Structure formats: C-alpha cells, structure tokens
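Enquirer: From first to last, the protein sequence lines are chains A and B. Going by our numbering, the first residue of the first sequence is number 1, and it counts up by one from there. Going by our numbering, the first residue of the second sequence is number 1001, and it counts up by one from there.
Bear in mind the hints are in silico, worked out from the structure with no lab data behind them. Since the structure is predicted, the reported quantities are computational estimates derived from the model, not experimental observations. Quick reminder that beta carbons are idealized off the backbone N, C-alpha and C, glycines included. Treat the hints loosely; a few may be bogus.
[Unchecked claim] Derived, one-sided and incomplete: chain B residues facing chain A with beta-carbon distance under 7 Å:
| hint | residue |
| --- | --- |
| 1 | ASN1066 |
| 2 | PRO1263 |
| 3 | GLU1332 |
| 4 | LYS1355 |
| 5 | ALA1372 |
| 6 | GLY1376 |
| 7 | HIS1377 |
| 8 | GLN1388 |
| 9 | VAL1419 |
[To be verified] Keeping only pairs whose Cα atoms sit at most 30 Å apart, straight-line, the calculated DSSO-like set for lysine-lysine is:
| hint | chain 1 | residue 1 | chain 2 | residue 2 |
| --- | --- | --- | --- | --- |
| 10 | B | LYS1415 | A | LYS101 |
| 11 | A | LYS48 | A | LYS88 |
| 12 | B | LYS1022 | B | LYS1090 |
| 13 | B | LYS1090 | B | LYS1338 |
| 14 | A | LYS101 | A | LYS112 |
| 15 | A | LYS82 | A | LYS48 |
| 16 | B | LYS1254 | A | LYS112 |
| 17 | A | LYS17 | B | LYS1181 |
| 18 | B | LYS1344 | B | LYS1408 |
| 19 | B | LYS1338 | B | LYS1260 |
| 20 | A | LYS82 | A | LYS141 |
| 21 | B | LYS1157 | B | LYS1090 |
| 22 | A | LYS101 | A | LYS48 |
| 23 | B | LYS1090 | B | LYS1355 |
| 24 | A | LYS48 | A | LYS85 |
| 25 | B | LYS1157 | B | LYS1022 |
| 26 | A | LYS17 | B | LYS1260 |
| 27 | A | LYS101 | B | LYS1037 |
| 28 | B | LYS1414 | A | LYS17 |
| 29 | A | LYS112 | B | LYS1355 |
| 30 | A | LYS101 | A | LYS17 |
| 31 | B | LYS1037 | B | LYS1260 |
| 32 | B | LYS1408 | A | LYS17 |
| 33 | A | LYS17 | B | LYS1355 |
| 34 | B | LYS1037 | B | LYS1098 |
| 35 | B | LYS1090 | B | LYS1174 |
| 36 | B | LYS1344 | B | LYS1174 |
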Amino acid sequence: MSELRELYQEVILDHNKHPRNFHEMPEATCYAEGYNPLCGDQLTLYVKLGADQKIEDLSFVGSGCAISKASASLMTDELKGKSVKEAKNIFEKFHAMVTAKPGEETSFDLGKLSVLAGVCEFPARVKCASLAWHTLNSALKGEEETVTTE
Amino acid sequence: MTTNLKSREDSVMKTPSFDIEKIREEFPTLHQEVHGKPLVYLDNAATTQKPRAVIEKLHHYYTWDNANIHRGVHTLSERSTQEYEAAREKIRQFIHAKKTSEIIFTRGTTESINLVAQTYGREHLQAGDEIIISHMEHHSNIVPWQILAEQSGAQLKVVPITDQGELDLEAYQKLFSKRTKLVSMVYVSNSLGTVNPIKQVIEFAHQAGVPVLVDGAQAVNHLSIDVQDLDADFFAFSGHKLFGPTGIGVLYGKEQLLEKMPPYQGGGDMIRQVSFEKTTYNDLPYKFEAGTPHIAGAIGLGAAIDYLQEIGMSHLATYERDLLDYASKAFEQLPDLKIIGQAKDKTSVISFVLKDIHPHDIGTILDREGVAVRAGHHCTMPLMQRFQVPATVRASFAFYNTFEEIDKLVEAVKKVQEVFTS
C-alpha cells in the first residue's frame, strides 16, 4: 500500500481532479498531439513561445489516467516562464527520475515535479508520466504528426 | 448459456463432479505471489494459463520427438508427423468438422481471418461489393477487411449494437443488399462477453447466398462448438485462449470453399510439384500451410483439447456462469461502478468503469493487490467510442477461478475507491 500511496499522492490526485492550465490556447505559437496507445491517454499541448525562445504560456486538453493528467498539469505549471533550453534540461532530469531503478538513491532537485518520483516503482506507468513531456518536445520541434509513447 | 452447449459430445460425456481444487492443481502458474499477494488471474480473455498436460506435452515433444514433419523417412519425423496430424484430428472432433482436410493450422485467429481476406476475399470481391461486420469486432476482424477494401474497392458495412451490448439483428438484416458478398462476425465479444446469435446470423446470410466467417476466438473456451450445426463457412480461433500454446491457431473452412481458394503463402509443404515453368499445389489442408508450421504448438493444442474434453465443456460453462452471476451481483453493490455490456447471453467477462477513475489507474492498483485484469480498449476502439469511454477494466474468468478470487477482486476495487477518495 505504501508504494501505491507514493504513486497516488494527494498532490497528484488533486492535479488529476483539478488540472491546471487545462484549456485550449488560440494564440499558441505551436502545439502537438500526444497519444499513449496502451491506455488511450491523449492530450493536445499548446505552447506560446516568446521571441527569446522563452515559454510564455503553456496549456493542454485531453483525457487520460491520473498519472498522465497530473503530470501534464504539473509540467505546464512548472515550465511557464522557462526557456526552451531550461525545459529540455528539466525533462532530462524528470526522465531520469521516473525511470530510476526501484530503491535507487536519487536526488534530482525537481521541486514540485518530484511528487511523480513514485512512478519509477511502476514501470508500466512511465509512459503515462512522460506523455506530456514527449508531446512538448514534439511541439517545440514543430512536428505535426501525433507523437505516441510506443 | 446457449443451445450449443447441449452438443452430442457433451451428452455422451461422463465426467466426475467439478473439483475446483483438483483443477487448480493442474495449473502451475496460478500458484504464485505477486507483490506479496496470492495471484488472482482474471485476464483470461487476453490469454489463458496452461494446464500441466500442455506444458508436459511440449516438454516431451522437444525432449523426444523434435523433427520436421511430412518429409522425413526417419523415426523422429514420423513420430512428429503423427502427433501433428493427430492434433488436427482432435481439433476436427472438438469443433465437429466433417473432415480433417478442413482444419488449417495458422498462427492464430488474426492470421486465419487475414488468410480468408487475402484468398477468398481477393478472389470474390470487387469494387462496390460489401462486407458486413459488427460494431463489437476486435481490430483483427476489422483491419483485414479494411485492407481488402482498399485493394478491391469493396466497402465495410457495420451492424450497430444496443446499449446493452447486443447485436441489433433487425439492423443486420437491413444491411444486406445485392452487393453483400461476405459476413464476418464475432461469436463472443472479447470486450463485453456478449454471445451473438451466430446461428441466426449465418442462417439469414445463407438465405441471401452470402457466406459467413465466424471469429470464434472468445467462444471456443466457453461454448461447445459445432461448425456443422452452425453451418459456418469459416471459423477462426487461437490456441492460446483455449489453454494451449501461443502462436498456433486454426482456420476451419468448408471443403468446397477451400478447394476453390488460391493459396495464401507460397513455400514448402504447400506444393505438389515445382518447376520453373509451373507449380502445382498440394491438397487440403496443406495448400494453406506453407513452410514449417508450429509443430509443437499444434501438438500442445491437441493436449489442451484432450484436457478440456476430460472435464467436459458443459461443466466448465455451468461453473463459469455461476462465477459470472456471483461477480455481477457483487459489482452491482459497488457505488459508482458501471458494467459495460449487459447482454442477456454472456460469457464470464465483466467490463466496467468507475466514476472519475481511469481504468489504467484501476489496473495498477488491482495489480498491487495481486489481481491481474486488463485495462484498456481491448483492441476494440470503435466499441469504446460506441460506449463513450476511453477504456474499460475487464475481468474475465476461467473455470480455474474461484468465488474467493472474486471476493478479492471486489475488495481490491474498493481499495481503488479508497485511494482515490482519500
């Protein structure tokens, strides 16, 4: 039960129930669609980039499991105001955190995002947690095809 | 469950009373812990566990009899050939086909359906012709026909289903036109458990002169099958859902249809004589079995059928019906739980959703309780759209499951609700 509690922390349940930045964004400069065929999670991610490659605004819509929804919600909150370079750096750390071997001593300094650290105990759910991030990557690259986690 | 259960086979079968403990002993996989909890395996619609008889048969084959079939003059090849062909005969008896030449070994239901689409389909369908399928088909009974439709210019017509998850028979009949050339329909829905009135479906199609392929993947392990009584033109199923190995399946086809069909793949074993000028094909069923087949798989499937016949299909069905009733009643007591698929005639499958909790989260929490279920679209995405759900959780029971295991499932579902409301 403790691992489950670790995965489904209150913060995650809250972001699942009340996702932040959960809306379309007509003024977005780029967007991408993400799809996880395993459980049918799908989201559209909107990014508004400033002239200096700064992420001015970030939002998403879609449906999915608690982990994918909370992860998208947390990501959009966390990356607002960051540069694209910073965002990529955070993604690398985030990815290392959710794919860490169970029990491995880790310290990623990811602030609020670290509530998703429990995902590493559930390898089948890593794709759910990283869907929004892969979709962001795809949006920043200007790819039009739906990104999947497969 | 259906009238098919009273087949001639079961009526002459003398089986001892249903001893669940004895049955469970025959399935080694069931006796293990997952996350420190006893495994409760309820993903039988995805694949079934294997009885000792099958595991030992495979072990014996690879230890003693392994050789290629049909061509060798040596002893091992003869043994191997004999066992492989004996398995074909067991399958013939099991589904009550007239001849062993009508039993073609494939990799599974999917390959069986593709075989018919690419041989019978390509030979007979032209632009504007129509193929009828239903809204509850598995992707494996949708996509092969879409590929054929692209190749031939034919069209798919889809029979709607009711909110209960039953086939709309009236709508089915109205879909027929002069251009209808084939019906391909699932016997038992993998997502809902619905048992379709397949005999009526076939009867109506035959009145219009249209042949019917039956996707029997989810039927063979629950119902007694009599392809002659059903008058099915083609019948496809997989070994691994019938307690046999993966990678082996069957296509039954009426001899007169198979005779006229071109081969599916070219290669060894499917030929009689080859020269660079002309090749003549082998007789049925070998015409459709190019290359070295899954010999061990076929033999293992034969062992699974022996095992099932010892217990008797009607005994299994009665017990599974009790499991389904028990689980359905228990689920009705749970708040915010909705069962998707409430057909009157169902096999032991319960698909459900919980209010505000995604099936994938439910699946993860159940797994931590030792309960293995399937969470997802079950390869029936159009069906999920029909019920306006992204996915469901599916618990599917086999005859080795127990009432206590259903209690554990129910407790685990309560735990899910606990985790999400705290």
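Enquirer: Output the indices of the hints that this structure fails to meet, ascending.
Expert: Failing hints, ascending: 1, 2, 3, 4, 5, 8, 13, 16, 17, 19, 21, 22, 23, 25, 26, 31, 34, 35.
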